[in-house]
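Peer 1: Each chain is listed here by its residues.
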Amino acid sequence: MENRSLVTIAEHSKERILYLLEMAKEFEKKPNRKILDGKVVATLFFEPSTRTRLSFETAANRLGARVIGFTDPKVTSSSKGETLKDTIMMVSNYADIIVMRHFLEGAARYASEVAPVPVVNAGDGANQHPSQTMLDLYSIYKTQGTLENLNIYLVGDLKYGRTVHSLLMAMRHFNPTFHFIAPEELKMPEEYKIYCKEHHIKYKEYTDFNEETIADADILYMTRVQRERFTDLMEYERVKDVYILRNKMLEHTRPNLRILHPLPRVNEIAYDVDENPKAYYFQQAQNGLYARQAILCDVLGITLDDVIEDAKK
Amino acid sequence: MSDNKQALQVAALKNGTVIDHIPSDKLFTVVTLLELQNSDSNITIGNNFESKKLGKKGIIKVADRFFTDEEISRLSVVAPNVKLNIIRDYEVVEKKQVQMPQELRGIVKCANPKCITNNEPMTTLFHVIDKEHGVLKCHYCEKEQSKEGIKLL
Ligand SMILES: [Zn+2]
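For the record, the sequence lines run as chains A and B. Under our numbering, the very last position in the first sequence is 313; numbers go up by exactly one each time. Under our numbering, the very last position in the second sequence is 153; numbers go up by exactly one each time.
Hint data in this document are derived by calculation from the structure and do not stem from the laboratory. Bear in mind that the values here come from a model prediction, so they are computed numbers and not experimental data. Fair warning: there could be bad hints in the mix.
[Stated by the list, open to error] Derived SDA-like pairs: lysine to any residue, alpha-carbon spacing no greater than 20 Å straight-line:
{"hint": "1", "chain 1": "A", "residue 1": "LYS39", "chain 2": "A", "residue 2": "LEU263"}
{"hint": "2", "chain 1": "B", "residue 1": "LYS114", "chain 2": "A", "residue 2": "THR8"}
{"hint": "3", "chain 1": "A", "residue 1": "LYS142", "chain 2": "A", "residue 2": "LEU263"}
{"hint": "4", "chain 1": "B", "residue 1": "LYS147", "chain 2": "B", "residue 2": "ARG105"}
{"hint": "5", "chain 1": "A", "residue 1": "LYS193", "chain 2": "B", "residue 2": "ASP130"}
{"hint": "6", "chain 1": "A", "residue 1": "LYS85", "chain 2": "B", "residue 2": "LYS147"}
{"hint": "7", "chain 1": "A", "residue 1": "LYS39", "chain 2": "A", "residue 2": "GLY64"}
{"hint": "8", "chain 1": "A", "residue 1": "LYS85", "chain 2": "B", "residue 2": "PRO121"}
{"hint": "9", "chain 1": "A", "residue 1": "LYS193", "chain 2": "B", "residue 2": "ARG105"}
{"hint": "10", "chain 1": "B", "residue 1": "LYS114", "chain 2": "A", "residue 2": "THR83"}
{"hint": "11", "chain 1": "B", "residue 1": "LYS114", "chain 2": "A", "residue 2": "GLU82"}
{"hint": "12", "chain 1": "A", "residue 1": "LYS197", "chain 2": "B", "residue 2": "ASN81"}
{"hint": "13", "chain 1": "B", "residue 1": "LYS137", "chain 2": "A", "residue 2": "GLU82"}
{"hint": "14", "chain 1": "A", "residue 1": "LYS30", "chain 2": "A", "residue 2": "THR50"}
{"hint": "15", "chain 1": "B", "residue 1": "LYS143", "chain 2": "A", "residue 2": "ALA126"}
{"hint": "16", "chain 1": "A", "residue 1": "LYS278", "chain 2": "A", "residue 2": "ASN210"}
{"hint": "17", "chain 1": "B", "residue 1": "LYS143", "chain 2": "A", "residue 2": "THR163"}
{"hint": "18", "chain 1": "B", "residue 1": "LYS137", "chain 2": "B", "residue 2": "GLU94"}
{"hint": "19", "chain 1": "B", "residue 1": "LYS147", "chain 2": "A", "residue 2": "THR163"}
{"hint": "20", "chain 1": "B", "residue 1": "LYS114", "chain 2": "A", "residue 2": "GLU113"}
{"hint": "21", "chain 1": "B", "residue 1": "LYS137", "chain 2": "A", "residue 2": "HIS12"}
{"hint": "22", "chain 1": "B", "residue 1": "LYS137", "chain 2": "A", "residue 2": "ALA10"}
{"hint": "23", "chain 1": "A", "residue 1": "LYS193", "chain 2": "B", "residue 2": "SER146"}
[Claimed, not checked] So these bits of chain B aren't anywhere near chain A, every CB distance computed over 12 Å:
{"hint": "24", "residue": "ARG88"}
{"hint": "25", "residue": "ASN112"}
{"hint": "26", "residue": "PRO113"}
{"hint": "27", "residue": "PRO121"}
{"hint": "28", "residue": "LYS143"}
{"hint": "29", "residue": "ILE150"}
{"hint": "30", "residue": "LEU153"}
[Unchecked claim] Examples of chain B residues lying across from chain A (beta carbon under 10 Å, computed):
{"hint": "31", "residue": "SER24"}
{"hint": "32", "residue": "PHE28"}
{"hint": "33", "residue": "PHE66"}
Yeah, the Cβ is synthetic: ideal placement off N, Cα and C, and Gly gets one too.
Bound-form chain A, shown alone:
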């Protein structure tokens, strides 16, 4: 049987991305169903990530599946020296899908190769986090009505920010113009700029973050600027308040602008922005539920037609 695991969406075609977004849209219309009745979803979190786990477990529960799993690696046998393969083989006896978060890069790829059941990557170290990218794409699609020809501004930590890298790669099909706004120490790595050139993605770089730079934005994607990312703490002190979005900066922005953030935020979006209708980060998190419902069904071979048909029940 073909392994339908989701490890990364970097290689997904345009059609495949749009297909999954259509499926997410169907789940948004009707999130509570019995389409996964009788299925068992295992959530294996070798590294804690409460938001991602709650989102996947809610997605499974609202589709009628049962959930088993663990979060804390200390209570599992991995700390007793059991290999990842052995854990995966054991859990495969019980579950129809494995949703896995791991601190090691490539863990999801490896798990998908050894597991007889589909594996969904819920984050493998600094590598991939495809369900986050799907919910980001869905949020952009929903708020802009399209993914085509958008001005997307990525702000903050563009060096270590896994989510912005995955988003950049997934957007290559849709003729975006990217704007990279980051401090010198955290700017977009060279390999992603090369990726942009190879895929004819337009981009501009800035170190200033102000009203003028964001005037033409359709999407403003904010990320955390974390102290521990800086080798030079003087530099951190200098820039820590530069990459903060404040409500007054939004006055002359486009009406269709929406602000995204993978959450949790620290201080990079001032609380006065929350009341602005352009703030979209809480709905964005909710979209994660529909995106993950689509992912769980897709890895089990449930099609868009099945999902549409199921809604009539």
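Following the hints, position chain B with the ligand against chain A.
Peer 2: For chain B with the ligand alone, coordinates are given in the frame of chain A:
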């Protein structure tokens, strides 16, 4: 005196393979990659011969052994310019060069300490994404590494 004749002088080979133009400091790595230490064949190993191109070079002669393309491709990361002479009845009947393969399985160690391959008993796999410059990409953690930084398992 040609390289071939110099090689043949070490010990005449009736049938087998002469591996020539091995950089001297890579000689024993080549031995390991071809698993010659476990071989029953009659093997002659010479090192630090003079070479116009390399300064010093090593030569390995293996009697009655003909390597597959897969075996030869293992050498691509450490000694891409190695030449193989296939000998039959004391004559060179074929010359082979090392070709960089599409992928390298179980040969290279991933440089990323947070890669699953460095933390789990499993076989590494690299995709060769730039044959000319020897750029590899780990199949698992997706990190790229260049030939200069490559460590063998
Ligand atoms: Zn790796």
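Peer 1: Which of the listed hints are not met by the structure?
Peer 2: 1, 6, 9, 12, 13, 14, 18, 19, 25, 26, 27, 28, 31, 32 and 33
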